[in-house]
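Going down the list, the sequences are from chains A and B.
Going by the numbering used here, the first sequence opens with residue 642, and the numbers climb by one from there.
Going by the numbering used here, the second sequence opens with residue 643, and the numbers climb by one from there.
Worth flagging that the hints you see were computed from the coordinates, not collected in a lab.
A couple of the hints might just be wrong.
[Stated by the list, open to error] Listed next, with one range per pair, are the computed distances between beta-carbon atoms:
1) B:Lys799 with A:Glu659: 51 to 57 Å
2) B:Ile893 with A:His730: 48 to 54 Å
3) B:Asn848 with A:Met661: 37 to 43 Å
4) B:Asp853 with A:Lys757: 48 to 54 Å
5) B:Lys1012 with A:Glu653: 29 to 35 Å
6) A:Glu649 with B:Lys1012: 33 to 39 Å
7) A:His730 with B:Lys894: 56 to 62 Å
Cβ atoms here follow ideal geometry from the backbone N, Cα and C, with glycine treated the same way.
This is what each chain is made of:
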Amino acid sequence: MVDDLYREIILEHYKNPENMGVLEGGIEMEEVNALCGDKLKIGVKIKNGIIKEAKFRGGGCAISMAAVDILLGMVIGKKLSEVKKMSGHEIEEAMGVELTSSRKKCAYLGLEVLKKIK
Amino acid sequence: MNKYKKYFPIFENNPELVYLDSGATALKAGIVLDRMNGYYTEFSANINRGLYPMSEKATEEYEEVRKKVAKFLGAEHGSEIIFTGGATAGVNLVARSWGEENIEEEDEIVITEMEHHSNLVPWQELAKRKKAVLKFIEVDETYKLDLENLEKIINSKTKILALTQVSNVLGTINPIKEIIKKVKAINSKVVVLVDGAQAVAHMPVNVIDLDVDFYVFSGHKMYGPTGVGVLWTKAQRQLEMRPSIFGGGMIKEVTKEMTTYPLGPEAFEAGTPPIAQVVGLGAAIDFLESMSWKEILENEDELTKYTLKSLEKIPEIKIFGPISERVGVISMVLTGKNRPGAHDLGDILGRKFNVCIRSGHHCAMPLHHKFDLDYGTSRVSLGIYNEKKDIDKLIEAIKYALDIFNCIENG
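Next up, chain B with everything else stripped away, as it sits in the complex (with noise of 0.2 Å):
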């Protein structure tokens, strides 16, 4: 069995549970619910307020958090961590608190078509808004991002690169550090924001070596709990954020006229932050530092050679993703007529085999679009707790919906 299902309680629940969507969220390991747990029971009071013991508890323990992800991260201080709802709810901080206040009209915000709506829609709509002009760096057709015409895309007037570290349908790994020194060696002012949510679970950050502005990434997709997130920034962009949303917690002093705010992280966490949720992250940092990346990385690798070699086997199948430079995320089609959509694909493994993948278009239409995938794609992905007789449940599953759907035409 593998080494690391006995750390998630929900494999004793579901015992026969073949879980191939960590990519929209992971499961939950056991010291993660304990550690939130241990809040509730043991010290559930707000933070930066009370004066008793059990509201210091809570606040050094947030706080504590804070230092635990920025080293994480391979920064230094954790005044550069803004705790967020998640990787949605950071990008979205950036274009509020960071682009509506650097971002004019004109002004030319570079994405990737390989992005998430997360990290595509705030850029569009502050592009609405600033009349600045949104542009997408493309991807080739070997499901990597062009960057042959980097010097057409990037110029004088790009304030701002948005780009995933993985691709949460393709599962190709972009190569951050090469794409940010070649936009800076075009434009050294350009701000970078790496959307890290597919990648922080899978490989070890270095925010600092990779030299990015803004790094965002969730809670629930590294094993720890949902409505929880990071924004980390390097110490000059926050200087240029202003606080967008308003409340408790976030200012130095309200008269009936106007408000000001304090410097730090705190002014991007108004009203009661999910304490519960960061304690939870806490422990899922822990719990992946208490293991080797190395065996992580190859354990990963592994799978993902195997599931890619088992669903090739299955003539019907077209994978759309890179063969190398990828993580365990892998999304396919059933070709030819006849066979199951993605839905119905999803439907029956989960029906009938507690297999559970994710059907649609994961949140990134364009991209479908561009391949012509207009009606979706099953997409698999790998975490820690799966190994290959998950794998092979998964192919036979596959091959009982084909037959389901040839059983007309077989007799």
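With the rest of the complex left out, here is chain A (with noise of 0.2 Å):
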């Protein structure tokens, strides 16, 4: 059975996180969804202003975790500054979905946590 949202992506990355875990001596920022109160923790490694390494911590909906999974795989390697200029619209296009005004709050969560980080 297919669905459109929960697409097999999503799911694999929901079930199968490649980015979760606890990074030791990285930066840690934290940010609450104020719609459902997910609590989501990203840790990171920075060099040169190059993120080099990232984690993240948290639980909740498929799709929250799905699309900051999704999101730590697209920024590792990436300029800070860079990954501050991303767009939302940038983490529902590689989770390939189009999502709700609601499941937004959910998939950009992770991004706010990013630009968090001084």
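Two chains, two frames, a set of hints: combine them into the complex.
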């Protein structure tokens, strides 16, 4: 059975996240989704302005988990300054879905956390 | 078909709608909309101001509802009814207008772990402002209030107890009368506020019999309009309140230096009140009173049991709430690895099946944290228009959501 939102790519990232875990010795930031209360922590290691490693911790819905897993896959190796310019739309594109406004909040949470890094 | 459905015009536009989120806001009865439209199209004037007939009519209708609400709550006097923006505004009004005047440093405010944020945060803030102590009556493993240890919580310093009549998460009906008796036996001076937001549409309420001091509820959870609510106060308690929102319609005399206020509910209704909504609230009360409470209670109880039984047949579902002494507010999670989260379930049910449920913490985070439900729950809450067919659709939809999430493992 295939759902038009919960496609294989999203379910796969939800069930087998590539970037979940704790990053020792990195900077950790967190944010709470005001809609649902989901808490997301992202740890990053930055060298010369480039994100070298990134891991996330937290739980919640499949959309938020898959979105942050996909996002971290996209940002590793990128300049932090470029990541800060990213839009939520890019995450949706990578997920291959168009989200309703309430689910956008779930999917964009990871990017909000990354934008808090000084 | 459910015989009450015809009273709700929304089903004419959405015949397939399965609305299971009445705990958030109930659907609106046609009589409510007609009566509000009547105000807007026939006597749409401000109250207490004009001397022309249309304004007189608006004032009369508005004040009639005050009396109607008092009667609905088993109270005698319309003057004990303050119209608010909703239950939240009612609690905040008590915290500001009564709390600010009567709570002092080291006084104790008691609430419960099952409170909605609206009956928690105003007290937390008041306690901070006054350096008072905020205490919680715990929820036990049967999802009911732990009343065995009341002696440890209530003492001579307790000034106010604020608690909900029905939990908006667990569905638990609290034995208000028994609790108040026990509390007053320890300290007879404790003032009691009851949040009736989840109760008024589902059971008859008598504030005199319950022996409460303050009672709040919202219009929109009882098939009435949004934007209006009620704070009922014991007459003596109202005298202990000081206005906290100032403006037109609530003054006796104003000079450049000072203002005096009238006695009575209007002192707490500054500005133009939600007149149309008050008129609509009156219609919602008429609607509820035109039916038999016995029938409403029996129907809702039967449907609640059917819902619980149907949900329990799905092995992944864990329900958070008591087995008995409850209403049709049912919160659950899907257990096991890689299950749809609360928001996934709400999304799939709504998008694919037109089944509306609530996802998240339902404005009760401390309660969710207590039961390690940090990622929220899915909540089904019943209204008068629900029927077994709705629950069958819900079950079908939950099974579909589980299938979607299992699809990779299975093939």
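Results of checking the hints against the structure:
Taking the beta carbon of each, lysine 799 of chain B and glutamate 659 of chain A are about 55 Å apart, inside 51 to 57 Å as hinted. The given range of 48 to 54 Å is respected by isoleucine 893 of chain B and histidine 730 of chain A, whose C-beta atoms sit roughly 53 Å from each other. About 54 Å separates the C-beta atoms of asparagine 848 of chain B and methionine 661 of chain A, a value inconsistent with the hinted range of 37 to 43 Å. With their beta carbons about 51 Å apart, aspartate 853 of chain B and lysine 757 of chain A fall inside the hinted range of 48 to 54 Å.
Judged by the Cβ atoms, the range 29 to 35 Å given for lysine 1012 of chain B and glutamate 653 of chain A holds: they are separated by roughly 34 Å. Restraint check, glutamate 649 of chain A to lysine 1012 of chain B: a C-beta distance of roughly 37 Å satisfies the suggested window 33 to 39 Å. For the pair histidine 730 of chain A and lysine 894 of chain B, the supplied restraint of 56 to 62 Å holds, since their beta-carbon distance comes to about 58 Å.
Hint violations for this structure: number 3 only, all remaining hints satisfied.
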